[in-house]
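Chemist: Let the hints inform the model, and build the full structure from the sequences given.
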Amino acid sequence: MNRRSSLPYTFLIPTVALLAILALTPTIYALNVSFTDRTLFSSSSNYIGFENYIDLLSDRRFVNSAYVSLKWEIMTVTTTMIMAVGLGVLMFECASPKMRNLYCLIFLIPVLLPRVCAAFVWKFAFHPLYGIVTYPYRAITGQPLDLLADPTTALMVVGFVDVWQWGFFFAVIIVKLLESLPPQPIEAARLDNAKPWQIHFYVTIPMLKAPLISLALVKAIESLRSFDLIYVMTRGGPGIATETLDMYAFSQGFIEAGKIGYASSIAVIMLLTTIITFTIIWKRVNK
Amino acid sequence: MAEIVCQNIKKNYGAVEVVPDFSLHVEDHEFIVFLGPSGCGKSTMLRMLAGLEEITGGQLMIGGKVVNDLEPRDRGIAMVFQNYALYPHMTIRDNIAFGLRRIKVPEHEIKSRTEDVTSVLGLGPYLDRKPTELSGGQQQRVAIARAMIKTPDVFLFDEPLSNLDAKLRATMREEIARLHKKLRTTTVYVTHDQMEAMTLADRIVLMKDGQIEQVGSPEEIYERPVSRFVASFIGTPAMNFIELKVEQSGTEWFVVGEGVKLTFDSSRFDVSVGQQVTLGVRPSDFEAVSEVTDRTLAGECDLIEYHGDQALVSFRVGSVHLHALVAARQRPSEDEHVLFQIRQNTSHLFDATTGRSLLKQ
Numbered sequence: 001m002n003r004r005s006s007l008p009y010t011f012l013i014p015t016v017a018l019l020a021i022l023a024l025t026p027t028i029y030a031l032n033v034s035f036t037d038r039t040l041f042s043s044s045s046n047y048i049g050f051e052n053y054i055d056l057l058s059d060r061r062f063v064n065s066a067y068v069s070l071k072w073e074i075m076t077v078t079t080t081m082i083m084a085v086g087l088g089v090l091m092f093e094c095a096s097p098k099m100r101n102l103y104c105l106i107f108l109i110p111v112l113l114p115r116v117c118a119a120f121v122w123k124f125a126f127h128p129l130y131g132i133v134t135y136p137y138r139a140i141t142g143q144p145l146d147l148l149a150d151p152t153t154a155l156m157v158v159g160f161v162d163v164w165q166w167g168f169f170f171a172v173i174i175v176k177l178l179e180s181l182p183p184q185p186i187e188a189a190r191l192d193n194a195k196p197w198q199i200h201f202y203v204t205i206p207m208l209k210a211p212l213i214s215l216a217l218v219k220a221i222e223s224l225r226s227f228d229l230i231y232v233m234t235r236g237g238p239g240i241a242t243e244t245l246d247m248y249a250f251s252q253g254f255i256e257a258g259k260i261g262y263a264s265s266i267a268v269i270m271l272l273t274t275i276i277t278f279t280i281i282w283k284r285v286n287k
Numbered sequence: 001m002a003e004i005v006c007q008n009i010k011k012n013y014g015a016v017e018v019v020p021d022f023s024l025h026v027e028d029h030e031f032i033v034f035l036g037p038s039g040c041g042k043s044t045m046l047r048m049l050a051g052l053e054e055i056t057g058g059q060l061m062i063g064g065k066v067v068n069d070l071e072p073r074d075r076g077i078a079m080v081f082q083n084y085a086l087y088p089h090m091t092i093r094d095n096i097a098f099g100l101r102r103i104k105v106p107e108h109e110i111k112s113r114t115e116d117v118t119s120v121l122g123l124g125p126y127l128d129r130k131p132t133e134l135s136g137g138q139q140q141r142v143a144i145a146r147a148m149i150k151t152p153d154v155f156l157f158d159e160p161l162s163n164l165d166a167k168l169r170a171t172m173r174e175e176i177a178r179l180h181k182k183l184r185t186t187t188v189y190v191t192h193d194q195m196e197a198m199t200l201a202d203r204i205v206l207m208k209d210g211q212i213e214q215v216g217s218p219e220e221i222y223e224r225p226v227s228r229f230v231a232s233f234i235g236t237p238a239m240n241f242i243e244l245k246v247e248q249s250g251t252e253w254f255v256v257g258e259g260v261k262l263t264f265d266s267s268r269f270d271v272s273v274g275q276q277v278t279l280g281v282r283p284s285d286f287e288a289v290s291e292v293t294d295r296t297l298a299g300e301c302d303l304i305e306y307h308g309d310q311a312l313v314s315f316r317v318g319s320v321h322l323h324a325l326v327a328a329r330q331r332p333s334e335d336e337h338v339l340f341q342i343r344q345n346t347s348h349l350f351d352a353t354t355g356r357s358l359l360k361q
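Chains A and B supply the protein sequences, listed in that same order. Quick note on UniProt numbering: the first sequence kicks off at 1 and runs consecutively. Quick note on UniProt numbering: the second sequence kicks off at 1 and runs consecutively.
Since the hints were made in silico from the structure, they are not lab data. Be a bit skeptical, because a hint or two may be false.
Example chain A residues on the side facing chain B (calculated, C-beta under 10 Å, incomplete) [claimed, not checked]:
no. : residue
1   : Glu179
2   : Arg190
3   : Lys195
4   : Gln198
5   : Lys209
6   : Ile221
Predicted, not measured: the structure shown is a model, and the values here were computed from it. All C-beta atoms, glycine included, are put in the ideal place defined by N, C-alpha and C.
Modeler: Set out below in structure tokens:
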């Protein structure tokens, strides 16, 4: 091998090796543990084959958490995208370039906040007795309002915080994308009898199809990692109303039963589902 | 069909005055070309007609209606852009039909009108393609079709041919001329290409620094330029200019300078003795002669550009370089001493300080 062709490898091998160790070790370890009956209470464990996986199929709480995860994905991704596109177009149409930059700056703040902080802030805002969000209801009815304790609204409130963090950020990206579009097709549409909303509906948004799909995928991946948000705000409750797969895996492994093997099998299933789903979506989109 | 009236139109960008005062009356059916160097405000003026730029002051009327504050879509205009401005994600068919769909024209009517327009422009085979699958000329044809199908009162063209190669430009120019002959729609066309202006226009509006320098038919502008700027802008190869001084001896009037003494017909010009003037002569108004007269210029030929049927002879008189267009077969050879006579009644005189033409009206 001559020097020229060996140089790239000199730089690549250490980084790739580091990455492989960091990413693959836990994955392989989890895969290994998922075939055992390992618990937190004893250091010994036995290989039990696919027993954990078979148990999962008849676990109603697992099925529920898979359903909650799906709901969570669809809810947060669509709401974030709708809000971001709406707000982005609104800024593009109504705000002067100077104001637009100011709005962008303000809209970046939520996403810069660590999610645990955001979760605590909003948890307090939704507090049934002292929260600012629930204040109008209390003032009118004199009753406390605990949205996080209601199984029908709890997931929506947590979803609201997620959309609050990411919707504004995506709106900033979308307004910048709109600004980067060539102005002539927009001007042509203005001459072609199109009203402002029609210009965006028929011309600009379709022109931004590719970046918008990428954004939606980024959000979908991001939504999968909402453990910290849910953990702080509801811990999967009330009951199991907001218990997503990662939340359930965590409570199986560390809170309730200490069944590390069982929890790992949930994690492995999540990993596989994610890989398969995203591969299919990615291929479909890139066609 | 409509006439356009611009009354004292102004345009400022902040403190910068782009168009200080623009007044023009475009007749119904007329083909008007805004011509000028880049940055002269001609595109800004067109965009104000379209409603894409706000008008700072003055009044704009299209078809007898004040349109200053109307949206572009309510002005009864259609525009063709320099870079085509097609909707990239739509097929050609949808591109053309877009405007009609927005005003809810019935689908069957859209279909028949699309067919009419596309058959005129020869776009039939491309209707289901996307704009990127078409060549530049075809894309510009789609843009024209998209403008035509709306049957507007006024067509606006913003340098529509400048993205095309020279050969295609000539073909498209012809097509636009034919189209206008057929449709007779009032048209405002912006270009910096004098060839396009000369061939297409009923009247040319020559602009400089946001102001109208001269308005007139191509012939008027070519034959009787009102200023040195107009004279230098129109005509290829460009007009020759020599700085001279007016003198009189007896009844003869001369313009005199370094190595030059030419007589001229004083009845054609408003001049006074001692006035500093610029003599303008088009290269095609020089004819090679063998004898020195009081209308000849003598010099050393230092370069010859061969154009095919003609040749451009560059020669030096005193300190200025002049160009003469001669039949290629009779061209002199380089370094030869040449003698050219100015054709009778073709020379122009401009005031050396103001640049205004001294030709009598």
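Chemist: With a cut-off of 10 Å on the beta carbons, see whether lysine 209/A makes it to chain B.
Modeler: holds (7 Å)
Chemist: Measuring from the C-beta of glutamate 179/A to each C-beta in chain B, is the shortest one below 10 Å?
Modeler: At 17 Å from the nearest chain B Cβ, glutamate 179/A fails the 10 Å test, so the hint is violated.
Chemist: With 10 Å as the cut and Cβ atoms as the points, is arginine 190/A at the interface with chain B?
Modeler: holds (5 Å)
Chemist: Is the interface hint satisfied for isoleucine 221/A? The criterion is a beta-carbon contact with chain B at less than 10 Å.
Modeler: Hint violated; isoleucine 221/A Cβ to chain B Cβ min 26 Å, cut 10 Å.
Chemist: Verify the interface restraint on glutamine 198/A: the C-beta must sit less than 10 Å from at least one C-beta of chain B.
Modeler: holds (6 Å)
Chemist: Restraint: lysine 195/A near chain B, CB-CB cut 10 Å. Satisfied or not?
Modeler: holds (8 Å)
Checked against the numbered hints above, the structure violates hints 1 and 6; every other hint is satisfied.
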